[in-house]
Amino acid sequence: MLENLIVVSILLIAIWLCDWRNFKQAASKARTVYILLLIPSAYLSILFIFHLPWPNIGYITRIAYGWPAKQLLALLT
Amino acid sequence: MTEANSLITKLDQNLLVNRKQIEQVFTNCEDVNFQDWQYGTSFQYDALSIYCASLASYTTHLLQQALEQVAAYALETWESVTPGKLSTCISTNNTALQPFVLLEHYEQVYEYIMNGYIIIVFDQLDKALAFESGSTAQRQVTEPVNEPAVHGPREGTVENMATNLGMIRQRVRTPEFKVEFLQVGKVIKSKIGFGYLEHVVNQEVLQTFRTRIASIVDYEVLETSYVEDWIEESTLTPFPQVRYTERTDTATAALLDGKIIVLVENSPMIMICPALLVDFMGTAEDYYIRSVFATFIRSLRLLAFIIALTLPSIYIALSTFHPELIPTVLLLAIVDSREGIPFPAFIEALVMEISFELLREAGIRLPRTVGSAVSIVGALVIGQAAIMAKIASPFMVIVVALTGIASFAIPHYDMAIALRVLRFPYMIAASLLGGYGLMVVFLLTLLHLTCLHSLGQPYLSSLAPLKIRDLRDIFIRVPLKQMLKSPRNRRLHSSSRKE
Amino acid sequence: MTAKTSTITLTQLAGLLSAYSIGSAIVFIPNPLSAAAGNDAWLSITAAYLFGMLVFACVLYLYHAHNGVNLIAYSRTLIGKSLTVIISIPIIGMLFFAISAINSSIGDFFTSVMMEQTPPYVFHSIGMLLSALTARAGIRVAARMFLLLLVIMLLFSLLVIVLAIPIYKPGQLLPMFDHGLKPVLHGFFIAAGFPFGEICLFSMLLPFVKTINKQSINKKLYYAFSFAGLMLLISTLSTTMAFGPAAGVFNYSLYRLAVEIHIAELFQRVEAIIGIALILGSYMKATLLLMILNYVFIELLRIKDDKIFIYPLALVCIFLSLTMFKSPADFQEQVYLIWPFSVLAVGCFLVFLFTFITWIKKITIKE
Numbered sequence: 083m084l085e086n087l088i089v090v091s092i093l094l095i096a097i098w099l100c101d102w103r104n105f106k107q108a109a110s111k112a113r114t115v116y117i118l119l120l121i122p123s124a125y126l127s128i129l130f131i132f133h134l135p136w137p138n139i140g141y142i143t144r145i146a147y148g149w150p151a152k153q154l155l156a157l158l159t
Numbered sequence: 069m070t071e072a073n074s075l076i077t078k079l080d081q082n083l084l085v086n087r088k089q090i091e092q093v094f095t096n097c098e099d100v101n102f103q104d105w106q107y108g109t110s111f112q113y114d115a116l117s118i119y120c121a122s123l124a125s126y127t128t129h130l131l132q133q134a135l136e137q138v139a140a141y142a143l144e145t146w147e148s149v150t151p152g153k154l155s156t157c158i159s160t161n162n163t164a165l166q167p168f169v170l171l172e173h174y175e176q177v178y179e180y181i182m183n184g185y186i187i188i189v190f191d192q193l194d195k196a197l198a199f200e201s202g203s204t205a206q207r208q209v210t211e212p213v214n215e216p217a218v219h220g221p222r223e224g225t226v227e228n229m230a231t232n233l234g235m236i237r238q239r240v241r242t243p244e245f246k247v248e249f250l251q252v253g254k255v256i257k258s259k260i261g262f263g264y265l266e267h268v269v270n271q272e273v274l275q276t277f278r279t280r281i282a283s284i285v286d287y288e289v290l291e292t293s294y295v296e297d298w299i300e301e302s303t304l305t306p307f308p309q310v311r312y313t314e315r316t317d318t319a320t321a322a323l324l325d326g327k328i329i330v331l332v333e334n335s336p337m338i339m340i341c342p343a344l345l346v347d348f349m350g351t352a353e354d355y356y357i358r359s360v361f362a363t364f365i366r367s368l369r370l371l372a373f374i375i376a377l378t379l380p381s382i383y384i385a386l387s388t389f390h391p392e393l394i395p396t397v398l399l400l401a402i403v404d405s406r407e408g409i410p411f412p413a414f415i416e417a418l419v420m421e422i423s424f425e426l427l428r429e430a431g432i433r434l435p436r437t438v439g440s441a442v443s444i445v446g447a448l449v450i451g452q453a454a455i456m457a458k459i460a461s462p463f464m465v466i467v468v469a470l471t472g473i474a475s476f477a478i479p480h481y482d483m484a485i486a487l488r489v490l491r492f493p494y495m496i497a498a499s500l501l502g503g504y505g506l507m508v509v510f511l512l513t514l515l516h517l518t519c520l521h522s523l524g525q526p527y528l529s530s531l532a533p534l535k536i537r538d539l540r541d542i543f544i545r546v547p548l549k550q551m552l553k554s555p556r557n558r559r560l561h562s563s564s565r566k567e
Numbered sequence: 324m325t326a327k328t329s330t331i332t333l334t335q336l337a338g339l340l341s342a343y344s345i346g347s348a349i350v351f352i353p354n355p356l357s358a359a360a361g362n363d364a365w366l367s368i369t370a371a372y373l374f375g376m377l378v379f380a381c382v383l384y385l386y387h388a389h390n391g392v393n394l395i396a397y398s399r400t401l402i403g404k405s406l407t408v409i410i411s412i413p414i415i416g417m418l419f420f421a422i423s424a425i426n427s428s429i430g431d432f433f434t435s436v437m438m439e440q441t442p443p444y445v446f447h448s449i450g451m452l453l454s455a456l457t458a459r460a461g462i463r464v465a466a467r468m469f470l471l472l473l474v475i476m477l478l479f480s481l482l483v484i485v486l487a488i489p490i491y492k493p494g495q496l497l498p499m500f501d502h503g504l505k506p507v508l509h510g511f512f513i514a515a516g517f518p519f520g521e522i523c524l525f526s527m528l529l530p531f532v533k534t535i536n537k538q539s540i541n542k543k544l545y546y547a548f549s550f551a552g553l554m555l556l557i558s559t560l561s562t563t564m565a566f567g568p569a570a571g572v573f574n575y576s577l578y579r580l581a582v583e584i585h586i587a588e589l590f591q592r593v594e595a596i597i598g599i600a601l602i603l604g605s606y607m608k609a610t611l612l613l614m615i616l617n618y619v620f621i622e623l624l625r626i627k628d629d630k631i632f633i634y635p636l637a638l639v640c641i642f643l644s645l646t647m648f649k650s651p652a653d654f655q656e657q658v659y660l661i662w663p664f665s666v667l668a669v670g671c672f673l674v675f676l677f678t679f680i681t682w683i684k685k686i687t688i689k690e
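If you read the sequences in order, they're chains A, B and C.
All letters in the first sequence, in the order written, are residues 83 to 159 by my numbering.
All letters in the second sequence, in the order written, are residues 69 to 567 by my numbering.
All letters in the third sequence, in the order written, are residues 324 to 690 by my numbering.
Only chain A is shown next, with the shape it has when bound in the complex:
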């Protein structure tokens, strides 16, 4: 867990170092979207640090395409 925490910290520090100037100079719309994009990162980093089996992108795609895909597979095999 500690190892993963360090990795996440390094990544966050890296993105802050690279982008804080650009973030400051960006328009408000861009800044809003930027922060919104950090939300899934935050969620997934918690999943990663604590090895949690919470819903991920696979969960969403299964809900969306799971049933028709399996039907199609049944047809083909």
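Be aware that one or more of the hints could be misleading.
Under the rule of at most 20 Å between Cα atoms (straight-line distance), these lysine to aspartate or glutamate pairs were calculated in the DMTMM-like manner [stated by the list, open to error]:
no.	chain 1	residue 1	chain 2	residue 2
1	B	257	B	297
2	B	257	B	286
3	B	195	B	179
4	C	630	A	101
5	B	259	B	297
6	A	106	C	628
7	B	254	B	301
8	B	78	B	175
9	B	88	B	194
10	A	111	C	628
11	B	254	B	333
12	C	627	A	101
13	B	257	B	288
14	A	152	C	653
15	C	649	C	439
16	B	254	B	291
17	A	111	A	101
18	A	152	C	656
Note that these hints are calculated values from the structure, not bench results.
Once you have looked at the hints, place chains B and C on chain A.
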């Protein structure tokens, strides 16, 4: 200069006023001499000649010669010249009276004295005459030490810009070879000259160059490499974006390729810009030898390039992460030789590389008397003693030696330094992640090189963006017949070029 | 809205297209196809290539019909702003999935075959970092680099295929339709999703080319796509000839082929070099997909700065690749079942829909 004096810029009619003003500026410049003269039928008129003894070679009959020229114009003898006649002659038609320059301002007088001219100031005349005279000691034109060649001319550049330009003009006898000058700096007042072939050079590149060099203005430029800082796009990269040469044939070839050459007074180095990565692969001598040999030499150079950059890191990656890639027999020999060595391959490589770099740097500054002794010590320390003390294995010594030799095989010193510097990140990456690490740094280097530009031109031109046509002169060298017909720089022989 | 100041030449775009299509496919194909279709994998891939050409033809038709704008832009014109936002959501989801899956697979490749002791997050982070840096440098830089890298990657792949000639058994390609049509269709389904159907997303990069004339753009791009198809077909054929039915079992087919090479004492165990070269393809594809994702965001939200989102998007992809696959079976299901379905059902369907709507509009305007 006092504030009152700074307002006075034009020369005065009175000789004593002029003398006092000039003496004040040159106080404590004891190599500036003031010589009083008299002339006229009964030597009733005064004149003063001022010169810097370190710069000018003084001739005693200078004043007589000057007056004789004035007299010849007026069809009289030189003794009968008066200030009035002098003034009339100068004001009406001084351009016929060569070879002097007419000066009206004090600043001009100071400048010309400092450029090695002899100044003659006349009483009752508010102008001065400046005569060019001689020069200081110059180095003879010899073969350049750092760029020897088996074939080809042996003319190297010297510190005098006029001589260098003369040698290049001898080769490029066309008015299309344009040369422009500018003077920069307040104290050193360096003269910078740049040249190009008018219809061959890329106009955008030239414009970019002009914009950049115009910003130098107040800086003291001692050497051509100072100018590099203004011309280059990126200072933080190890890769050079300009080339240097001391050979006039290399400079000429560069002109034909559409490059701009830059010279600075008192420096023999000619800077060629823009320099792209592929330019560092070749030398002028490649075109003087047969194309088969030239191709072979170029391939060897490419190999040297790769070895100088990656050999230690490949060794570290293979021995630590991918021993299965080494043929079994060799692997056994390596393992056997590495037995008893307490350090991992990376530390071993680092120690040997740093020792080699220290030896290389020390060798540049060694006095000749102790040179051979230190070479022997260095060879013994790095070679024999390190192995016997189990600091390094024989394979590591071979790897380091090969890397060093390969870096010497790269013809351009700046590029060789770049590779020397880059070797260490490669070694670190290889020791951390093996082959994957090598690939990552290789991609990072490639990305960096692709983003780099030299005067607006992509640094990896001909490779990325890929131009198959131009590859015939990069890793191979096709016979000159094919190349000169439609050379690298198509503008040279394009139909749109005015003859 | 996109910064149209960077333009690339047609050859560079063709190179990007080849890199995009061959990219990560050269590492994995034909393993999943062989698992599904056995020795008929090459038939599946040929059929999938033809399907890909159909999709690509529609993409190019839309490109020319809408004066060189990208997918989101002409979607706005055809179906309106709000519907465009709605359909963008699955597209964005697809792109996130694709980038993370590629990144994750590079990491899995290295930790399973070459560097077992290294933790996977090293490969995932560094791989995505490289892609992010390249994407940030811009499409011009990427186009220049990728042509070079594509040549290197193809040289290595062809070298492996040629050096493995001694172990080929052409008889393994027969008999055709051994188990009937269904396995071939299954293989076709997988290959149509990955990699040929993914061409539907490439339309986001088409506007960057310097437009000369319609005919030359189409011709060169069709050649590039066909070249990609040919390379994958050759790879499929070689692997099938070398391994026969076992091709469906061995992951990383071309790498496995390299393992089998034994020429004199020198050319053995050279698969490490091939592994590294193959990873170049995945890196290129991940970079291109990241750029496409970035442009989707910019076009959708009409943002002027085209570089601001690259790092946060890359960060999401890193964390996704670290967490999205719980097991190899999960990977199999998501990448070889769900993903091809989403490509066909969302990407290709949208392209066909837009083509149809554009065609109808053109006819009604003529009348």
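Each hint tested on the structure:
no. : hint          : result
1   : 257/B / 297/B : 18 Å, holds
2   : 257/B / 286/B : 9 Å, holds
3   : 195/B / 179/B : 15 Å, holds
4   : 630/C / 101/A : 10 Å, holds
5   : 259/B / 297/B : 17 Å, holds
6   : 106/A / 628/C : 13 Å, holds
7   : 254/B / 301/B : 26 Å, violated
8   : 78/B / 175/B  : 9 Å, holds
9   : 88/B / 194/B  : 14 Å, holds
10  : 111/A / 628/C : 11 Å, holds
11  : 254/B / 333/B : 15 Å, holds
12  : 627/C / 101/A : 16 Å, holds
13  : 257/B / 288/B : 7 Å, holds
14  : 152/A / 653/C : 14 Å, holds
15  : 649/C / 439/C : 18 Å, holds
16  : 254/B / 291/B : 15 Å, holds
17  : 111/A / 101/A : 16 Å, holds
18  : 152/A / 656/C : 10 Å, holds
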